[in-house]
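A.B. asks: Since the structure of chain A is provided, determine the placement of chains B and C on it from the hints.
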Amino acid sequence: MSDNISISVNETIQHIQICRADKMNAFTDEMYQSVATALKKSHKADGIKVNLISGVPGCFTAGNDISDFYTYAEKGNFSPGIIDFLTTLGTLDMPLILAIDGPAIGIGTTMAFHADLVYATPEAIFATPFADLGLTPEAASSYLMPKTMGHARAYEMLALGEKYSAKDACRAGFVNKIIPSDELISHSLNIAKKLSKKPESSLLATKQLLKTEQEYILTVMEKEVEIFTKQLQSKEAKAAFSSFLNKTK
Amino acid sequence: MSDNISISVNETIQHIQICRADKMNAFTDEMYQSVATALKKSHKADGIKVNLISGVPGCFTAGNDISDFYTYAEKGNFSPGIIDFLTTLGTLDMPLILAIDGPAIGIGTTMAFHADLVYATPEAIFATPFADLGLTPEAASSYLMPKTMGHARAYEMLALGEKYSAKDACRAGFVNKIIPSDELISHSLNIAKKLSKKPESSLLATKQLLKTEQEYILTVMEKEVEIFTKQLQSKEAKAAFSSFLNKTK
Amino acid sequence: MSDNISISVNETIQHIQICRADKMNAFTDEMYQSVATALKKSHKADGIKVNLISGVPGCFTAGNDISDFYTYAEKGNFSPGIIDFLTTLGTLDMPLILAIDGPAIGIGTTMAFHADLVYATPEAIFATPFADLGLTPEAASSYLMPKTMGHARAYEMLALGEKYSAKDACRAGFVNKIIPSDELISHSLNIAKKLSKKPESSLLATKQLLKTEQEYILTVMEKEVEIFTKQLQSKEAKAAFSSFLNKTK
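Chains as they are written, first to last, in my numbering: chain A, 1 to 249; chain B, 1001 to 1249; chain C, 2001 to 2249.
For reference, chain A alone in the conformation it holds in the complex (with noise of 0.2 Å):
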């Protein structure tokens, strides 16, 4: 269980927070693991009804912490983590809120594609700058970004890295609501509490009739992490890794 995140369970509502604030809440493989144990429990026999993942007062995610990226690179595969975390994200039958404040770079911004309401502060930054690593889409964005805005817009994300605010990202149908960052985790809360109080039947079937495409996602999640995985060895990838390791130190 990572110490930089942080769960809490009222009544049926599991809060899940990413809390690693001195490093802009980048993941580690460990970090994924927790999130990925914490998901999978949130099933009836444990009394959970509703996920909720926040990040800290203005920051939810950097993305993937980078030096965790050079180490996959010169291993040549990721840790197991991320992928767990991946196939959790595919294949949760529970319903899952995001609360996002501040930056949501690569993963933050991959997985609101997954979530089921998601909602964000005016300050709230969506990228996918993964060409700018020398990288490539993941969590099987390259599917669900186009199928839910249209390919010039996930083009416009997954390719040119262009940044999406707030407002960007209602228009283009991931972002349900902007709130005010005070108001965020109060109203996730609430919104998750009020799913909460529905007959779990109608939300479960709801929910698996909506995502039937959970084997599709899998394959796409896979064949992304293979060319990622060979992209992550790229001399591109390397030199920006390193050339970011070196800025940050």
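These aren't lab readings, by the way, just hints derived from the structure by calculation. Some clues are possibly wrong.
To be verified - Below, computed lysine-lysine pairings styled on BS3-like, alpha-carbon distance capped at 30 Å:
no., chain 1, residue 1, chain 2, residue 2
1, C, LYS2177, A, LYS167
2, C, LYS2147, A, LYS167
3, B, LYS1167, B, LYS1194
4, A, LYS193, B, LYS1238
5, C, LYS2197, A, LYS223
6, C, LYS2197, A, LYS247
7, C, LYS2211, A, LYS211
8, C, LYS2167, A, LYS163
9, B, LYS1167, A, LYS193
10, B, LYS1238, B, LYS1163
11, B, LYS1163, A, LYS194
12, A, LYS75, A, LYS235
13, C, LYS2167, B, LYS1167
14, B, LYS1230, B, LYS1147
15, C, LYS2147, A, LYS223
16, B, LYS1194, B, LYS1177
17, B, LYS1147, A, LYS194
18, B, LYS1040, B, LYS1023
19, B, LYS1211, C, LYS2163
20, C, LYS2147, C, LYS2163
21, A, LYS223, A, LYS211
22, C, LYS2147, C, LYS2211
23, A, LYS230, C, LYS2211
24, C, LYS2223, C, LYS2235
25, A, LYS230, A, LYS163
26, C, LYS2040, C, LYS2147
27, A, LYS247, C, LYS2193
28, B, LYS1194, B, LYS1211
29, B, LYS1211, B, LYS1041
30, B, LYS1163, A, LYS193
31, C, LYS2023, C, LYS2075
32, B, LYS1197, C, LYS2167
33, B, LYS1235, A, LYS193
34, A, LYS211, B, LYS1230
35, C, LYS2230, B, LYS1193
36, C, LYS2177, C, LYS2147
37, B, LYS1040, B, LYS1223
38, C, LYS2230, B, LYS1041
39, A, LYS163, C, LYS2177
40, A, LYS147, C, LYS2211
In this text the structure is predicted, and so the values were computed from the model without any measurement.
C.D. replies: This is chains B and C only, laid out in the frame that chain A set:
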């Protein structure tokens, strides 16, 4: 032929009006059957080129009649009208325009995803509060809603039960234009007329090219009906129907 | 090589300009062929990294040359240029940017759904009035338009023939940004330059992941061409072409 469905044909335009104002235009099985029969008649042989469905001023439809839901729950299956209506919606080859003023609840919203053009007034309200009744999506909405507007918005309507205004619906892509209520019918009839003047072979071939998924849509509807029927008989659904019927006694 | 297509390569950016201002940049078969040939050349071997297509100030394209349509109708099939252009659009692995000012009619609109990034001026007008000419959708627009913006909007353009402004197109997701007309080309070239500096293997792999449906797109195009060719020979289409050609004599 239901008294609550009024059908008029003017030149080549068939106007189907839902007229059960005292019950907020709630659909009975007989009403579904009448609409289905009228739509099915709209083929070249009958000289009908375009179909328009509207409600009464201030109300499109409150959705399925709740006392009918109660009966279905007792019997364990739907009456045939609703199934015929859904199948007809999913396979109609003639153009279908909706003119929506006031509430468009349940099937009132989900039928919009089958229509070719949808006009709504600033007073239109779209909602699919299936989960609040212990129910689940129908009319292939579990497939068509996320396809049209992304998963997060579809979940917001289908599971959380949030209301969408005409503006929200426009932004989400399932309403074409917002029209003042006193011009809604004349505008919609004008558009119907405009369509009816276009080469019929082009119109039919265009719709056929756009709707290549008919078979899949019918499969989704069947699966949804199966789950919906099970949910109808749940404790939560029966309690919701009883509570509603007591309130409106 | 058509006189009406001007091609310039600056460093790694190929700028393809439609230059037939006296005929509103209407496409002849030779012009399609020239654009297709240029796009196909844009592979690593040739040192081209990004393609940009623009029209002349105030006009992107009026669409297919109507007198060519008339000839196709007489012959009963297309000339090879258009088919080569469509196939190239559907299978291009290099980045493609469109810069659109003024009318973008027919293929001018439908090619936007194949581009990776689309910039348009406030004066841009998008329209696909196929039905008004007795014709039907092409360039896989019957699949890509509803996929990108939902059925109701696709039908509004493809069957009803409604014009979309740059703002409408932005909202519908097939234009990325609105750019003042005097900055359109410089902005688009800047973006092309920005893209061209990114790791090429990332760009290529990203587009490949985003465009997994190439085979299906080609199948749709083939089916559309078959129906379009039949419609070309219809009484209504021939009458529309004659009327147009008489007006512009």
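A.B. asks: All the hints need checking, so say for each whether the structure fits it.
C.D. replies: Hints, verified against the model:
1. LYS2177(C) <-> LYS167(A): Given pair LYS2177(C), LYS167(A) holds - Cα atoms ~14 Å apart, limit 30 Å.
2. LYS2147(C) <-> LYS167(A): holds (22 Å)
3. LYS1167(B) <-> LYS1194(B): Judged against 30 Å, a Cα distance of about 25 Å means the pair holds.
4. LYS193(A) <-> LYS1238(B): Roughly 23 Å between the alpha carbons, so the hint for LYS193(A) and LYS1238(B) holds.
5. LYS2197(C) <-> LYS223(A): Holds - the C-alpha atoms of LYS223(A) and LYS2197(C) are around 26 Å apart, at most 30 Å.
6. LYS2197(C) <-> LYS247(A): This hinted pair holds, its Cα atoms lying about 21 Å apart.
7. LYS2211(C) <-> LYS211(A): holds (22 Å)
8. LYS2167(C) <-> LYS163(A): holds (20 Å)
9. LYS1167(B) <-> LYS193(A): holds (27 Å)
10. LYS1238(B) <-> LYS1163(B): At roughly 23 Å apart (the allowed maximum being 30 Å), LYS1163(B) and LYS1238(B) satisfy the hint.
11. LYS1163(B) <-> LYS194(A): The given pair, whose Cα atoms are some 14 Å apart, holds under the 30 Å limit.
12. LYS75(A) <-> LYS235(A): holds (15 Å)
13. LYS2167(C) <-> LYS1167(B): Holds, at roughly 15 Å.
14. LYS1230(B) <-> LYS1147(B): The hint holds at about 25 Å.
15. LYS2147(C) <-> LYS223(A): holds (23 Å)
16. LYS1194(B) <-> LYS1177(B): Judged against 30 Å, a Cα distance of about 16 Å means the pair holds.
17. LYS1147(B) <-> LYS194(A): holds (25 Å)
18. LYS1040(B) <-> LYS1023(B): Roughly 26 Å between the alpha carbons, so the hint for LYS1040(B) and LYS1023(B) holds.
19. LYS1211(B) <-> LYS2163(C): holds (22 Å)
20. LYS2147(C) <-> LYS2163(C): holds (19 Å)
21. LYS223(A) <-> LYS211(A): holds (20 Å)
22. LYS2147(C) <-> LYS2211(C): holds (13 Å)
23. LYS230(A) <-> LYS2211(C): Since the Cα atoms of LYS230(A) and LYS2211(C) sit roughly 19 Å apart, the hinted pair holds (cutoff 30 Å).
24. LYS2223(C) <-> LYS2235(C): Given pair LYS2223(C), LYS2235(C) holds - Cα atoms ~21 Å apart, limit 30 Å.
25. LYS230(A) <-> LYS163(A): holds (25 Å)
26. LYS2040(C) <-> LYS2147(C): holds (26 Å)
27. LYS247(A) <-> LYS2193(C): Holds. LYS247(A) to LYS2193(C) sits at ~25 Å (cutoff 30 Å).
28. LYS1194(B) <-> LYS1211(B): Holds: LYS1194(B) and LYS1211(B) sit about 21 Å apart, inside 30 Å.
29. LYS1211(B) <-> LYS1041(B): holds (20 Å)
30. LYS1163(B) <-> LYS193(A): This hinted pair holds, its Cα atoms lying about 18 Å apart.
31. LYS2023(C) <-> LYS2075(C): Within the cut-off at roughly 23 Å; holds.
32. LYS1197(B) <-> LYS2167(C): holds (28 Å)
33. LYS1235(B) <-> LYS193(A): holds (21 Å)
34. LYS211(A) <-> LYS1230(B): It holds: about 19 Å lies between the C-alpha atoms, which stays within 30 Å.
35. LYS2230(C) <-> LYS1193(B): holds (25 Å)
36. LYS2177(C) <-> LYS2147(C): Holds: LYS2177(C) and LYS2147(C) sit about 20 Å apart, inside 30 Å.
37. LYS1040(B) <-> LYS1223(B): Distance of about 23 Å is within 30 Å: holds.
38. LYS2230(C) <-> LYS1041(B): Answer holds: LYS2230(C) to LYS1041(B) is near 27 Å, not above 30 Å.
39. LYS163(A) <-> LYS2177(C): holds (13 Å)
40. LYS147(A) <-> LYS2211(C): holds (11 Å)
Violation of the numbered hints given earlier is absent; every hint is satisfied by the structure.
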